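> Just so you know, the sequences run in chain order A and B.
If you want our numbering, it's the position in the first sequence, counting the first as 1, plus 171.
If you want our numbering, it's the position in the second sequence, counting the first as 1, plus 76.
Hint data in this document are derived by calculation from the structure and do not stem from the laboratory.
You may find that some hints are simply not true.
Not the full set, but computed from the structure, chain A residues with beta-carbon under 10 Å of chain B [stated by the list, open to error]:
#1 Leu-175
#2 Gln-178
#3 Ile-273
#4 Phe-276
#5 Ile-406
#6 Met-453
#7 Leu-470
Some but not every residue of chain A turned toward chain B, in silico, with C-beta under 8 Å [said to hold, decoys possible]:
#8 Ile-206
#9 Arg-256
#10 Ala-259
#11 Ala-268
#12 Val-399
What follows is a set of in silico ranges between Cβ atoms, one per label pair, in the way DEER data are often shown [stated by the list, open to error]:
#13 Gly-337/A with Thr-327/B: 38 to 44 Å
#14 Met-438/A with Thr-327/B: 25 to 31 Å
#15 Glu-174/B with Leu-307/A: 27 to 33 Å
#16 Asn-284/B with Ser-230/A: 43 to 49 Å
#17 Asn-284/B with Val-321/A: 44 to 50 Å
#18 Glu-283/B with Leu-248/A: 34 to 40 Å
#19 Thr-160/B with Arg-436/A: 28 to 34 Å
#20 Ile-369/B with Arg-256/A: 27 to 33 Å
#21 Val-252/A with Gln-271/B: 39 to 45 Å
#22 Tyr-235/B with Met-438/A: 56 to 62 Å
#23 Ala-358/A with Pro-224/B: 50 to 56 Å
#24 Phe-287/A with Leu-362/B: 39 to 45 Å
#25 Phe-287/A with Ile-369/B: 47 to 53 Å
#26 Trp-465/A with Phe-387/B: 39 to 45 Å
Note that this is a predicted model, so its numbers are computed, not measured.
Glycine included, each C-beta is placed from N, C-alpha and C at the ideal position.
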Amino acid sequence: MLLLAEQVLNGLQYGMMLFLMAAGLTLVFGVMGLINLAHGSLYMVGAFACAAVAAATGSFWLGLAASLAAAAALGALVEIVVIRRLYARDHLDQVLATFALILVFSEGTRWLFGSFPLYLSLPPVLSGAVTLPGGLIYPAFRLAIIVIGVLVALGLFWLITRTRLGIRIRAGEADREMIAALGVDIAKLYTMVFALGAALAGLSGALVGSVQSVQVGMGEPVLILAFVTVVIGGIGSIKGALIGALLVGMTDTLGKALLPGLFARFMEASAATSVGSALASMLIYVLMALVLIWRPTGLYGARA
Amino acid sequence: MRLTGALPNFVVFAALIAVAVIADLTGNPYIVTLATKVAIFGLAGVGLNLALGYGGLVSFGHAAFFGLGGYVTAILASHAASATPVATFPFTMMGTNEMLAIWPFAILVAGFAALVIGALSLRTKGVYFIMVTLAFAQMLYYFAISWPTYGGEDGLSFYVRNTFPGANTFAPLQFFGICATMLAITMVLVALLTQSRFGLALRAAKENETRVIASGIKPFAIRLTAFVLSGMVAGLAGALFADLNRFVSPTMLSWHMSGEIIIFVILGGVGRLAGPIAGAAVFITLEYLLGPISDHWQALLGFLLILIVLFAPKGLMGLALGKRGNA
Numbered sequence: 172m173l174l175l176a177e178q179v180l181n182g183l184q185y186g187m188m189l190f191l192m193a194a195g196l197t198l199v200f201g202v203m204g205l206i207n208l209a210h211g212s213l214y215m216v217g218a219f220a221c222a223a224v225a226a227a228t229g230s231f232w233l234g235l236a237a238s239l240a241a242a243a244a245l246g247a248l249v250e251i252v253v254i255r256r257l258y259a260r261d262h263l264d265q266v267l268a269t270f271a272l273i274l275v276f277s278e279g280t281r282w283l284f285g286s287f288p289l290y291l292s293l294p295p296v297l298s299g300a301v302t303l304p305g306g307l308i309y310p311a312f313r314l315a316i317i318v319i320g321v322l323v324a325l326g327l328f329w330l331i332t333r334t335r336l337g338i339r340i341r342a343g344e345a346d347r348e349m350i351a352a353l354g355v356d357i358a359k360l361y362t363m364v365f366a367l368g369a370a371l372a373g374l375s376g377a378l379v380g381s382v383q384s385v386q387v388g389m390g391e392p393v394l395i396l397a398f399v400t401v402v403i404g405g406i407g408s409i410k411g412a413l414i415g416a417l418l419v420g421m422t423d424t425l426g427k428a429l430l431p432g433l434f435a436r437f438m439e440a441s442a443a444t445s446v447g448s449a450l451a452s453m454l455i456y457v458l459m460a461l462v463l464i465w466r467p468t469g470l471y472g473a474r475a
Numbered sequence: 077m078r079l080t081g082a083l084p085n086f087v088v089f090a091a092l093i094a095v096a097v098i099a100d101l102t103g104n105p106y107i108v109t110l111a112t113k114v115a116i117f118g119l120a121g122v123g124l125n126l127a128l129g130y131g132g133l134v135s136f137g138h139a140a141f142f143g144l145g146g147y148v149t150a151i152l153a154s155h156a157a158s159a160t161p162v163a164t165f166p167f168t169m170m171g172t173n174e175m176l177a178i179w180p181f182a183i184l185v186a187g188f189a190a191l192v193i194g195a196l197s198l199r200t201k202g203v204y205f206i207m208v209t210l211a212f213a214q215m216l217y218y219f220a221i222s223w224p225t226y227g228g229e230d231g232l233s234f235y236v237r238n239t240f241p242g243a244n245t246f247a248p249l250q251f252f253g254i255c256a257t258m259l260a261i262t263m264v265l266v267a268l269l270t271q272s273r274f275g276l277a278l279r280a281a282k283e284n285e286t287r288v289i290a291s292g293i294k295p296f297a298i299r300l301t302a303f304v305l306s307g308m309v310a311g312l313a314g315a316l317f318a319d320l321n322r323f324v325s326p327t328m329l330s331w332h333m334s335g336e337i338i339i340f341v342i343l344g345g346v347g348r349l350a351g352p353i354a355g356a357a358v359f360i361t362l363e364y365l366l367g368p369i370s371d372h373w374q375a376l377l378g379f380l381l382i383l384i385v386l387f388a389p390k391g392l393m394g395l396a397l398g399k400r401g402n403a
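Start from the sequences and build out the full structure, keeping to the hints where you can.
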């Protein structure tokens, strides 16, 4: 039972990380209609910025701030130089150009930092374990990730529903010509939305990099999971991104934890492990296929 | 097919043959291998172009079909080498190392995968379609990594190249000849297909779906057919690629592979028959020339791609041919 509770918390933590990635992707899709493959690169840049600054200053918190700043700054720069020329193009051009951006960022990072993974040391406050009610001992940092995810989700909902910027973002989704005609600087708005998404991706990269390792190419598997999340949740919906992220996080974590044991009940142990883990790696895609059969535009997606 | 429109396609194909033959005569087998790679990647690109260029279906998952073709080849060949059956149920199936026996299997398996993935993905449109095809290809990629029977992450090698009646497949030029012949046959079939009523309907569905529906054609069936055919061609290309390297690994299924196949199509020019060959040739030449100069040649490739997307959206053949012809 404790083991299951731990896996549920792991799934929650994984889902929160995916949410930070998927929120930026879905905002950029929803508002600008842009498919951004380079979102995973921003995640990687955030992780490297955190690792470099934390190593130079000795402070994890400065590193975390640097990850937000670096990813947001790079996001804004890329938006101004390349991305904004792609809004009017078809999705194929967007795919190709942002795929090219991945090549540039990955090689650039490899050139700066080398191919070897970097490791971050956690701040003392968060490096221990916490005993939860019921006797479960759980790493404090993973709990902190869940809390950060919840805070970001609340912050985003507040931003979108309660602030002037949020009103403009929603108006931009609905009718971009109209709000441009009403005197809103749409180019600036787009740059801000893109930088916001980039900052979230950078934060996510820094947090995951602290648990795992920081290396070139780390953003790519996460990017594809974030795509699956966005497809399940529905493009443009922050709420959908949250629900989708939790579904994907839980399905993947619980599938990997439980399936091998489930197969072991009627198969020999080694075969059960390989069949179980192979199927568990496919589980979220099966989930996506099921959602698409049921709702081709995702759970909360309005537009095709 | 008007000759003025077809001529650039002949020129590109003839140039590829000329490079391979001259390289072989002057004793540069490595260049022949590069030309073979161009023919194989070009073939995968011609396949993708059917869905992407003519049908407007931006599939970011063609590595799935390419990789499946490769894995079918490697699995059949490795079972033939170890003389063990591939399957014992419902009937005993042995491996084989005859290309002519392997290809139909590779094409069928890739086609079946394209049928399932296509039927699900084509329920969606636009950005969703791109992401869903990508996700399904990743599913196969992770499956190949975590399934240990056929090598998992390490891949699967077979030590002898498969055989073709009347040819010595180990001679670089002869293997190139086999690949180039398959490429030529496929190009002729795709040309006939795109000029046919089916091809017209496919292009019409891309241009104006509402009108196509109004004239009584179901776009879903047309698109699914194009997607399956496209996957089959990619599967054949994967089978040839496996034979070229005598090795397959999950890398063939990865999304970088899907991205590269798209690059071949776009570099050459979307919807041009020989475009993918030109695109693959440029890509492989760049890799060959820039690779030794800098380990970071992919960054240069990235910059080049961004420039092409921003300033030459019709691709290299479009650039070279100006406004003329769009066959």
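> Going through the earlier hints one by one, which of them does the structure break, listed in rising order?
Structure breaks hints 1, 2, 7, 10, 15, 16, 22, 24 and 25.
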